[in-house]
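Number of protein chains: 2
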Amino acid sequence: MVELQTHPIDTVFHALSDGTRRRMLRELAQGERTVSQLAEPHEMSLAAASKHIKVLESAGLIRREIQGRTHLCRLEPGPLATAHEWLTFYERFWTDRLDILERLLREEDAQKNARDQTQKNPLKFPASQKSETETGEDQ
Amino acid sequence: MVELQTHPIDTVFHALSDGTRRRMLRELAQGERTVSQLAEPHEMSLAAASKHIKVLESAGLIRREIQGRTHLCRLEPGPLATAHEWLTFYERFWTDRLDILERLLREEDAQKNARDQTQKNPLKFPASQKSETETGEDQ
DNA sequence: AAAATATTCAACCGATCGGTTGACAATAAA
DNA sequence: TTTATTGTCAACCGATCGGTTGAATATTTT
Numbered sequence: 519m520v521e522l523q524t525h526p527i528d529t530v531f532h533a534l535s536d537g538t539r540r541r542m543l544r545e546l547a548q549g550e551r552t553v554s555q556l557a558e559p560h561e562m563s564l565a566a567a568s569k570h571i572k573v574l575e576s577a578g579l580i581r582r583e584i585q586g587r588t589h590l591c592r593l594e595p596g597p598l599a600t601a602h603e604w605l606t607f608y609e610r611f612w613t614d615r616l617d618i619l620e621r622l623l624r625e626e627d628a629q630k631n632a633r634d635q636t637q638k639n640p641l642k643f644p645a646s647q648k649s650e651t652e653t654g655e656d657q
Numbered sequence: 519m520v521e522l523q524t525h526p527i528d529t530v531f532h533a534l535s536d537g538t539r540r541r542m543l544r545e546l547a548q549g550e551r552t553v554s555q556l557a558e559p560h561e562m563s564l565a566a567a568s569k570h571i572k573v574l575e576s577a578g579l580i581r582r583e584i585q586g587r588t589h590l591c592r593l594e595p596g597p598l599a600t601a602h603e604w605l606t607f608y609e610r611f612w613t614d615r616l617d618i619l620e621r622l623l624r625e626e627d628a629q630k631n632a633r634d635q636t637q638k639n640p641l642k643f644p645a646s647q648k649s650e651t652e653t654g655e656d657q
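For the record, the sequence lines run as chains B and Z. If you count the first sequence from 1, position 13 lands on 531 in the numbering used here, and the numbers rise without skipping. If you count the second sequence from 1, position 30 lands on 548 in the numbering used here, and the numbers rise without skipping.
There's no promise every hint is true.
[Claimed, not checked] Under the rule of at most 20 Å between Cα atoms (straight-line distance), these lysine to any residue pairs were calculated in the SDA-like manner:
id	chain 1	residue 1	chain 2	residue 2
1	B	Lys572	Z	Ser535
2	Z	Lys569	B	His532
3	B	Lys569	Z	Ser535
Read the hints as simulated data drawn from the structure, not as lab findings.
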């Protein structure tokens, strides 16, 4: 007993820091899954997968319902919402830049309109490329 | 060289899984800080704090500018935005419930209005308590 | 030049992590 | 009742983690 105070969000972020576990969550986003169903796509022993599931469970990210000899797992969104909200605190740091860019473009636009007053329809804001997002793939 | 493919977001979530590092990020949200300024509030050696900062740095969460013998650190919001967006995928799982609640309340409301047609101003949606958020404190 | 300051580096330590294997327990099917 | 099937548990392993200490490096101050 040496650990004094482990914030719950520690456990959540730690659980999310592993690709195998993130893929399991993605799978559970599709619906309920048994332990072996969750384990199947991952090339590791069932015991190893079972450990990952236990990590997710103790982080509160999933819950399991034991039905006979199978364990049905389902996603538990609460902790994900908490983590999401924690990150939201920093939202201004990445939206601020876009705001600045947007303002600059607006000013540019305004100048253009001032120069060319016959132009009636203002340009749409160009496809806001959120560069490094890198969604999709697997996890 | 045994590690094949460590997804960048692994490193980000891992960096966020430690309270000391999260507090450092919070501090950096206030503005630039030197290594010793970041270390000061935490009761550990400077070397230990330095390691934490290096973890944040290699996750891309901060950048440092070396000015003479001091290192100035600043927040780098990109990876936070990425993590935030990763979590956004699951947003429907925690908003769905609220949607259901909201719909139920609307129906209730509609019934009430149907019963009492003289009533003109509809009830505001009650203080949406997002229970387990637990903001503030330190990290 | 000498001393103080800011920070990293290297070696070490115990704890935890992610994986393995083999045994075990419980349920379902033959 | 035997035999599969589903899943956990316990012990072990090497790697990584979070911390320490002492020395090294680079810069600034005196």
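Status of each hint after checking the structure:
Annotation: proposed proximity of lysine 572 of chain B to serine 535 of chain Z holds, straight-line Cα distance about 17 Å (limit 20 Å). Distance hint between lysine 569 of chain Z and histidine 532 of chain B is fulfilled; the C-alpha atoms sit about 18 Å from each other, no more than 20 Å. Proposed proximity of lysine 569 of chain B and serine 535 of chain Z is supported: the alpha carbons are some 19 Å apart, at most 20 Å.
In terms of the numbered hints stated before, the structure departs from none.
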